[in-house]
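S.K.: Keeping their order, the protein sequence lines are chains A and B.
Here my numbering is used: position 249 in the first sequence is 267, and no number is missing along the way.
Here my numbering is used: position 275 in the second sequence is 293, and no number is missing along the way.
Hints in this document: simulated from the structure, not taken from any laboratory.
Incorrect hints may appear among the rest.
The list cannot tell twin chains apart, which means a pair is met if one copy fits it or any two copies do.
[What the hints assert, rightly or not] Cross-link-like lysine-lysine pairs, in silico, DSSO-like; alpha carbons within 30 Å at most:
(1) LYS226 to LYS314
(2) LYS234 to LYS213
(3) LYS98 to LYS348
(4) LYS213 to LYS146
(5) LYS235 to LYS91
There are 2 protein chains.
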Amino acid sequence: MATPLMGHMDSQFMEIAEEVKALLRYVWQTENEFTIPVSGTGSASMEAVVANLVQPGDKVLILINGYFGNRFKDMCERHKAEIRCLNRPWGEVFNDDEVEKAILDFKPALLFCVHAETSTGACQPVAKIGRMCRDNNILFCLDTVTSIGGVELRLDEWCVDACYAGTQKCLNVPPGLGPLSFSQRARDKMNEVEKSQAWYLDLRMIEKYLLPGTGKKRSYHHTAPVSNVLGFHEGLRLVQDEGLENRWARHRETAEYFWAELEKIGLKCLVAKENRLPSLTTVCIPPGCDGGAVCKYMMQNYNIEIAGGLGELGGKCWRIGLMGMNSTKKVVDTLIPKL
Amino acid sequence: MATPLMGHMDSQFMEIAEEVKALLRYVWQTENEFTIPVSGTGSASMEAVVANLVQPGDKVLILINGYFGNRFKDMCERHKAEIRCLNRPWGEVFNDDEVEKAILDFKPALLFCVHAETSTGACQPVAKIGRMCRDNNILFCLDTVTSIGGVELRLDEWCVDACYAGTQKCLNVPPGLGPLSFSQRARDKMNEVEKSQAWYLDLRMIEKYLLPGTGKKRSYHHTAPVSNVLGFHEGLRLVQDEGLENRWARHRETAEYFWAELEKIGLKCLVAKENRLPSLTTVCIPPGCDGGAVCKYMMQNYNIEIAGGLGELGGKCWRIGLMGMNSTKKVVDTLIPKL
Chain A
19 MATPLMGHMD
29 SQFMEIAEEV
39 KALLRYVWQT
49 ENEFTIPVSG
59 TGSASMEAVV
69 ANLVQPGDKV
79 LILINGYFGN
89 RFKDMCERHK
99 AEIRCLNRPW
109 GEVFNDDEVE
119 KAILDFKPAL
129 LFCVHAETST
139 GACQPVAKIG
149 RMCRDNNILF
159 CLDTVTSIGG
169 VELRLDEWCV
179 DACYAGTQKC
189 LNVPPGLGPL
199 SFSQRARDKM
209 NEVEKSQAWY
219 LDLRMIEKYL
229 LPGTGKKRSY
239 HHTAPVSNVL
249 GFHEGLRLVQ
259 DEGLENRWAR
269 HRETAEYFWA
279 ELEKIGLKCL
289 VAKENRLPSL
299 TTVCIPPGCD
309 GGAVCKYMMQ
319 NYNIEIAGGL
329 GELGGKCWRI
339 GLMGMNSTKK
349 VVDTLIPKL
Chain B
19 MATPLMGHMD
29 SQFMEIAEEV
39 KALLRYVWQT
49 ENEFTIPVSG
59 TGSASMEAVV
69 ANLVQPGDKV
79 LILINGYFGN
89 RFKDMCERHK
99 AEIRCLNRPW
109 GEVFNDDEVE
119 KAILDFKPAL
129 LFCVHAETST
139 GACQPVAKIG
149 RMCRDNNILF
159 CLDTVTSIGG
169 VELRLDEWCV
179 DACYAGTQKC
189 LNVPPGLGPL
199 SFSQRARDKM
209 NEVEKSQAWY
219 LDLRMIEKYL
229 LPGTGKKRSY
239 HHTAPVSNVL
249 GFHEGLRLVQ
259 DEGLENRWAR
269 HRETAEYFWA
279 ELEKIGLKCL
289 VAKENRLPSL
299 TTVCIPPGCD
309 GGAVCKYMMQ
319 NYNIEIAGGL
329 GELGGKCWRI
339 GLMGMNSTKK
349 VVDTLIPKL
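Hey, can you work out the whole structure from these sequences and the hints?
M.R.: Structure follows, in structure tokens:
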């Protein structure tokens with residue numbers, strides 16, 4: 019990001035942007051041509067999904083087992099979708115049968131779920147859900163903010179049609195871009211929906227800027243955040259350097275080591291072991307302990323950031339991220355004695 | 019921007035964000051409390067104005083003498099405003115009488131104009147327009163993308179109610195943030211309008227994140243692009259270091275020197291001298307000259323970026339920016355012999 023600036027329409031920058039798109043396809047394991055960084059943070063790419071795929075009256079099935087399902091619901095309400103929610107207590111995951119039942123009963127046009135719930139530390143298995151969506155002609159939308167680049171994730175194999183993420187979790191890139199990928203089925207829907215209120219996130223306009231098509235001239239839409247794209251390029255390149263599957267394995271090994279160490283010192287995790295995210299662990303705050311004071315103490319004395327619970331888990335859990343370069347046994351060994 | 023990251027909810031970052039808001043007030047010459055960097059590029063802050071101040075049926079008067087008036091119109095159409103446009107050929111500016119006539123005739127709730135038209139190089143005098151808006155209870159919205167930090171600009175004195183900008187022009191900060199300021203009158207309107215489709219740019223939610231009010235806890239909305247905010251802080255600090263009026267004077271002196279040098283080598287400017295922007299000059303491409311080839315040659319041989327005309331000025335003008343640290347006689351002396 020400290021590289022001297024270049025113009026956002028310069029061929030030099032556009033070459034880098036092309037490489038970013040290709041690297042992002044690799045990290046997400048997709049061949050979707052429409053795979054881009056949206057010029058805002060992860061929440062902007064989440065909204066880009068809704069603003070470009072949901073129009074008034076569309077039936078949307080939302081799986082809610084944490085904070086971000088509710089956010090998606092808020093966005094869909096603003097677009098006057100017909101919404102049905104499937105709920106699970108925070109920290110749990112959905113089983114395929116209940117999802118199938120809801121699909122067959124409600125017959126949605128679009129189904130949303132969160133792969134890696136940043137608020138709870140739960141990892142939703144989605145391969146079968148994706149298959150059911152494809153078989154029932156439903157667009158499958160997936161939040162991968164806390165899994166991209168750290169947790170096994172295969173968009174094409176899992177039949178994901180619309181996917182978004184952030185850069186600041188397992189990719190270790192400063193926040194400021196929202197990776198987004200649309201399958202051809204999502205692109206077809208995008209080209210059908212009525213113009214929404216969203217101009218900045220209008221992907222039909224952004225398509226002409228970032229994906230003009232062979233031989234066509236790029237047309238100006240907005241000014242891409244050049245330095246962020248350069249930083250993102252480097253973050254993705256480091257994933258490629260390490261190898262995606264090696265990186266997934268490293269995150270998993272570190273997490274399992276961390277969970278075992280937590281157990282040794284008597285701390286419990288919120289999420290059942292088989293559903294835990296390797297990248298983010300929710301640790302139950304023991305009775306009588308002031309969780310917020312611990313976060314403050316760790317930051318002030320050791321420069322270690324532990325997040326508090328989000329939403330209904332506020333005061334009940336710590337959220338401890340082991341993401342990207344921080345996912346090592348050495349980091350765990352530094353942390354554990356201080357807990 | 020190369021400063022190591024800090025958490026976006028950390029008090030250390032929030033202190034810097036507070037300083038950014040104070041410095042931005044200085045650079046815009048306003049006491050508006052609601053003065054923030056929006057987490058997207060300039061176009062995002064433009065849309066934030068529309069999405070938070072314009073609701074269906076609102077009468078909006080748009081002054082169009084270049085590319086960005088049309089963009090504002092597109093956004094207002096998406097929000098189903100009742101729109102009237104006042105047009106002027108690109109490169110010209112509006113006179114106060116015609117604006118007054120349109121105000122009295124149409125009685126808009128909101129008036130929009132561009133202070134510094136990036137597409138034409140014209141600088142619109144707005145002090146009287148602002149006064150007329152205030153006297154007629156009209157919200158006055160101003161685009162200051164290419165004037166902020168380089169051209170005289172006094173939001174409060176000029177009765178501006180809603181203002182936005184970019185960071186990448188006279189402030190020399192990489193693109194990625196959209197400075198925005200609302201007067202109390204604009205805030206009152208913002209609190210009245212119906213919820214729009216915009217979640218990411220919903221300023222009532224962002225208010226609770228960036229402006230929680232004394233003693234209240236900040237609530238999470240999105241993850242601010244931390245590195246961009248740090249870079250913006252430094253850019254604003256450099257303006258304060260130099261002194262705002264010194265900086266305006268430097269931009270003006272450099273531009274006048276540049277215009278005189280252009281005349282010496284026989285090149286003409288599009289905009290009448292009294293209406294020219296100091297920060298961006300549109301130079302007419304002489305008959306028979308391939309303007310695009312010149313841009314390419316300058317970039318490839320000298321690493322000097324000259325932009326082509328935008329919109330209807332495509333092929334007719336070059337756009338030459340002398341912004342921030344590039345606004346010096348030395349830069350002009352480097353450029354002129356190569357033209």
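S.K.: Take the hints in turn and mark each one as holding or not.
M.R.: The hints, checked one at a time:
no. : hint             : in the structure
1   : LYS226 to LYS314 : between (47 Å within a copy, 22 Å between copies)
2   : LYS234 to LYS213 : within (23 Å within a copy, 38 Å between copies)
3   : LYS98 to LYS348  : neither (49 Å within a copy, 57 Å between copies)
4   : LYS213 to LYS146 : neither (33 Å within a copy, 36 Å between copies)
5   : LYS235 to LYS91  : between (37 Å within a copy, 24 Å between copies)
Consistency note: the structure conflicts with the earlier hints numbered 3 and 4.
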